[in-house]
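A.B. asks: Going down the list, the sequences are from chains G and B. In terms of my numbering, the first sequence opens at residue 187 and continues consecutively. In terms of my numbering, the second sequence opens at residue 680 and continues consecutively.
Rather than coming from a laboratory, the hints here were simulated on the basis of the structure. Do not take every clue at face value.
[To be verified] A short, non-exhaustive set of chain G residues, derived as facing chain B with CB atoms under 8 Å:
| hint | residue |
| --- | --- |
| 1 | T288 |
| 2 | C297 |
| 3 | W300 |
[What the hints assert, rightly or not] Partner residues aside, some chain G positions facing chain B, computed with beta carbon under 8 Å:
| hint | residue |
| --- | --- |
| 4 | F298 |
| 5 | N303 |
| 6 | N307 |
| 7 | A308 |
| 8 | S312 |
| 9 | F317 |
| 10 | A329 |
| 11 | T330 |
Heads up, the beta-carbon is just placed ideally off N, CA and C, and yes, glycines get one too.
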Amino acid sequence: MTASDDRMSLLPWLAVGTSLWLVTLTCALAQTCTAPINVSGSANFTASTCAGTIDMPFINSGTTFNRGPDVVYQFTVPASPNLGSVTLQPDPNIDLALFLCTGKCSTYATCFNWVDNGPGNADTMSIPSGFDLFVVIAHPSPATPLCGNFSLQITYPSP
Amino acid sequence: MRKMLRDCIATALLVTGTVHAQDYAFPVPFQHFNASFAQVTLNVVGTDPTYGMWFFISQTAVVPTLAQAGPTAADFMYYVRPKALTSVRYEFEVDTSELTGDTDSSRSVQLFAASSPVVISSWPQLLTIDMIGGTPYPSLRFRTPRGGNQPIEQITIPLTASTATLRVEINVGSGTAGNVRYWINAAYVDPPTGILNNAGAGLDNAAWTGVIAAAVGMSSMTDAFRANAGGTFAIYHIASSDDLLFWDDFSFGYQ
Chain G
187 MTASDDRMSL LPWLAVGTSL WLVTLTCALA QTCTAPINVS GSANFTASTC
237 AGTIDMPFIN SGTTFNRGPD VVYQFTVPAS PNLGSVTLQP DPNIDLALFL
287 CTGKCSTYAT CFNWVDNGPG NADTMSIPSG FDLFVVIAHP SPATPLCGNF
337 SLQITYPSP
Chain B
680 MRKMLRDCIA TALLVTGTVH AQDYAFPVPF QHFNASFAQV TLNVVGTDPT
730 YGMWFFISQT AVVPTLAQAG PTAADFMYYV RPKALTSVRY EFEVDTSELT
780 GDTDSSRSVQ LFAASSPVVI SSWPQLLTID MIGGTPYPSL RFRTPRGGNQ
830 PIEQITIPLT ASTATLRVEI NVGSGTAGNV RYWINAAYVD PPTGILNNAG
880 AGLDNAAWTG VIAAAVGMSS MTDAFRANAG GTFAIYHIAS SDDLLFWDDF
930 SFGYQ
C-alpha cells in the first residue's frame, strides 16, 4: 500500500473540501514525544518535519545538538531471518537524517544506527527483525532550511 | 572472585604497562598483533576454564585524545590459511558488562573480520563485525560486500544484554550461493537470526573467492571510542569450523 493508496481509502470518510495534504499534516501534528506515529506493516508516507512538534537533542561525540523539529514513527518488526528496510527521501536541497532507535523521547541515545547522505539524497538502512523500533526523521546539520518535506518507505521483512 | 581477578589484571597492566605474555600463548596458527593505546591479556573467565581475550582500555593509563590521528589502537589475533574456504563458521561471545562510555553510535570498534585473498572494489573483507556504542547496550554491525558493483550490505542490531553469543556462517558463491547467516544467542540448529543475502537475490560474492584469513579482537576503533570508552570488554568462547583450527573453544595453553 502506498501513501496514495492510503489517501484514496480515506477519501469516502473525509468531509467535502478537506484536502489530502491536511490528512498527512494532521497525522504529523498529532504525534508527541510519547505518542509517535504508529506504523503497521510495510507502508509509504509523505510528510514534513516542519509540522513536527518534537525537537529532540542528539549527541555527536559527546556534544548535544538541537536543530529543527523531528518526526517519529513507531513500528514493530516481526521476527524473520530476512531483513526489512527503511528509506527516507527528502525533497531536493533538504538535508534530513534517518535515525533508527530502540527508545523514544529525550535524546537520540538509544539510536543505534543513522544515515545522512546529504541534501536531497535518499537515506536507506536495513532494519533488524523482532524489535520495537522508532524511526526519527531529523535535521542534524546547521544548514538551512532546518526542516522540509520527505517521503518515507518502510518495508517489513518477508516471513 | 571474577571481579577480583579482573581488577588484579587491570591493576597489573596499569602499573607495568605490559602484557603478561609470558603467562599465556595464543594458539597456533593464530598470530598476535598489538598497537599502541590498547592492551590485552588472556585469562580465564571467572570459574569458566575457557580462556578469552580481555581488552583493557583505561583512559588514565593510555591517555587517548581526539587529537591523536587515526584509529591506531588495536589488539587482535589473526591467522591466514593456505587456501580459501567457500563456507566457514565462526563464533564467539562478547562481554561488555565492564565496558564504560561506549554509549554513543559514533563510538565503534571492529571485533571480527574474515578476509578474501583478492580485493574487489577496494573491499577485501567478506565479513566484518563491529561493536557500535549504544544505550543501554552496544549494537553489532555486520558488513559484507555484494557483487555487481553494488554497495556494501550491512545491518546493525542492538544487543538486549551486556553479553551476547554470536555465530556467523559465511558462504561465498555466485548469486544466491553467496550469503552470510548470523545467529545471536541462538544455536546453529536454530533458524538464523538474520541473513545478509541482498534481499533474496544473493550476495553474488564469488569474485571474492573465499575466506583465507580471519581476525578477532579489537581494531579500527573510532576516535570517539578511543576518547570515551574505558574499562574492559572481553571476547571468549572463540570457535570455528575451519579445519586449521579447533571446532570447540580454542585452548590458550601455558607457554
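A.B. asks: Report the numbers of all earlier hints that the structure fails to satisfy, in ascending order.
C.D. replies: 5, 6, 7, 10, 11
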